[in-house]
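Chain L is already provided as a structure; the job is to place chain H on it using the hints.
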Amino acid sequence: MGETEIAWPWQYNFPPFFTLQPNPETRAKQVQAWKALILDYCKQSKLYLIDAREADNGPLFNNASINRKLDGAVIVSILSEMQKSGHAAPVDKAKHRWEVYWHTLDEWSSMIYAHVYSKGLQGTVLTLFELSQGDDVKDEEFYGMQQDVLVKALQVLERDRKCELILSDEDQGVKFF
Amino acid sequence: MNRLVYGSPALSDNETVLIRERNVTLFDGFDESRFQEGEILITTHRLLWGRPEAMARGQKCLTFMFAQVTDVEEEPPYHYERHRKVVVYLDFFPDPNADRAIPESMFNFIKLCFNEGFSSDVIGNIQRQMLYWQNYIPPQIPDNQPSSNQLRQIELRTGIVGIERGLQAKQSLLDGTLTLAFKDLTKLMCMAGDMVRLSKVISKKIKDRQGDITEDETVRFKSYLLSLGIDDPVTRDAYKSNNQYYKGLAKEICEFIITHIEEMGGMMALPDVYCRVNRARGLELVSPEDVLNACKLMEQLGMPLKLFQFSSGVMVLQLCNLDGESIAEATAVLVEDCGSLSAEELSQKLGISVILAKERLLVAEKHGKTCRDDAIEGLRFYPNLFLTKDQ
Chain L
1 MGETEIAWPW QYNFPPFFTL QPNPETRAKQ VQAWKALILD YCKQSKLYLI DAREADNGPL
61 FNNASINRKL DGAVIVSILS EMQKSGHAAP VDKAKHRWEV YWHTLDEWSS MIYAHVYSKG
121 LQGTVLTLFE LSQGDDVKDE EFYGMQQDVL VKALQVLERD RKCELILSDE DQGVKFF
Chain H
1 MNRLVYGSPA LSDNETVLIR ERNVTLFDGF DESRFQEGEI LITTHRLLWG RPEAMARGQK
61 CLTFMFAQVT DVEEEPPYHY ERHRKVVVYL DFFPDPNADR AIPESMFNFI KLCFNEGFSS
121 DVIGNIQRQM LYWQNYIPPQ IPDNQPSSNQ LRQIELRTGI VGIERGLQAK QSLLDGTLTL
181 AFKDLTKLMC MAGDMVRLSK VISKKIKDRQ GDITEDETVR FKSYLLSLGI DDPVTRDAYK
241 SNNQYYKGLA KEICEFIITH IEEMGGMMAL PDVYCRVNRA RGLELVSPED VLNACKLMEQ
301 LGMPLKLFQF SSGVMVLQLC NLDGESIAEA TAVLVEDCGS LSAEELSQKL GISVILAKER
361 LLVAEKHGKT CRDDAIEGLR FYPNLFLTKD Q
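If you read the sequences in order, they're chains L and H.
What the first sequence shows, in full-length UniProt numbering, is residues 1 to 177, in sequence order.
What the second sequence shows, in full-length UniProt numbering, is residues 1 to 391, in sequence order.
Don't take every hint at face value.
[As the list claims (entries may be wrong)] Only part of the chain L face toward chain H is listed, based on derived beta-carbon distances under 7 Å:
1. Phe14
2. Pro15
3. Pro16
4. Asn23
5. Asn62
[Stated by the list, open to error] Taking lysine-lysine and the DSSO-like style, the derived pairs with C-alpha atoms no more than 27 Å apart in a straight line are:
6. Lys35(L) - Lys389(H)
7. Lys389(H) - Lys69(L)
8. Lys43(L) - Lys389(H)
Since the hints were derived computationally from the structure, they do not count as laboratory data.
Beta carbons are placed, not taken as given, at the ideal position from N, Cα and C, and that holds for glycine.
Pulled out of the complex, with its shape left as it was, chain L reads as follows:
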């Protein structure tokens, strides 16, 4: 997924970055840097789901060149921190798997609605596939969005009565108002 293109921040090659700092001031800076890195990484590699147990596999939490990796517990605590600002949410109760939103769900929903509005698609029904994989959305940032995340973003719109989700087993669609 084009990992080579990722512009790693300087912290990534700084060994203390991979140890949770006890000094609160330092830790705040460190966690902030991690948050930025995680969001940036996910955005560039279009990654919607992170599994804290499989952190060793990817380069994000495991810098092989300096032989440092971030502990699973620390990853979870950083993701929990991100949850507070709406940039992540745990999928399972054990908090192993996390959805990462480099745009918050609110941002995603307004982006989708803006697209629908500009194309004049209010009142029509679109399938979720069309909305995330269709030719019309090729240039949009939410192109290729994972369905679970898409549904969550649409649920935000639904709450604002801007659309209605049709989630039957066969075809899953959405009607915009």
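Positioned in the frame of chain L, the structure of chain H alone reads:
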């Protein structure tokens, strides 16, 4: 054990066997003797010990009369040991010419060690026979014709007086052993006194001849001598109250140690202080607690040193003008110069103990000057780029 004699296992006229036990080892006082793992026979008159089968063959056995017994008790057993020990306090055998088990012994008791315990009431039986023979002053033991002056009055060991007397005897024996043990030490102390005097003379001479010395070794020797030795050590005896004593001690420690602490970068762990002070005092050693109490007083007495406790609990004596900020600052500079440092490396750089080095790094971390890297290779500290480097 010199109170046991060799005798025939043949029973006398009205003597009957009460108890027989196997696998018994004799102890001469506290020491194991060569009489190991034999049989004992307790009769109405005496106790016999023989090698296995020796009694049956009528060979000579070790024996003592119950009339000799002054006290008997069981040694409290350790819970994990199977064997049980019975301590028997003995008087001398009536006949001085009898064939003794061993010629000399410093103990007035023996121990019977029952390697596999005992089933019968050994102590009760010995006690009963002891009391019987104490109240019954025997006419004369046949075979032996002891001369009258050697016939010992058998002491009565009943009642409180008896117990007290027993305790007194034990006490005096213990005193004897202790005096013996410390005899050598007294000599050593005398010699050490001479040594201290000698070293004082040398150090004085060197002080007088200051300037003449150029050679490296002599200079070092001089500095050793000067750092050694507190002329008139403060002792507890010289003060009426603990508080006064601690104050005096605090003053002495402060005067002595301050130059060393300055050399070491303004901080010294309390164990080091303790060792140095005691080395300097030479003879009149102080306890760690006294040093601690004295150091606690330093700050309120307005001395240039104070006791400081790190959050980890490590206690150090440090210069009063040294605070966390300046330590952090100085440590951070070192870390920055080297790129990164572990506690061991810093301790080598500064010539301080690893514990102190770690404390310094932790202080620096606390002040946000360094940050840690806790990897498999160990804990290292880096300059805190998180705070200093711009995003």
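Just pull the numbers of the violated hints for me, sorted ascending.
-> The structure conflicts with hint 5 only, although it agrees with all the remaining ones.
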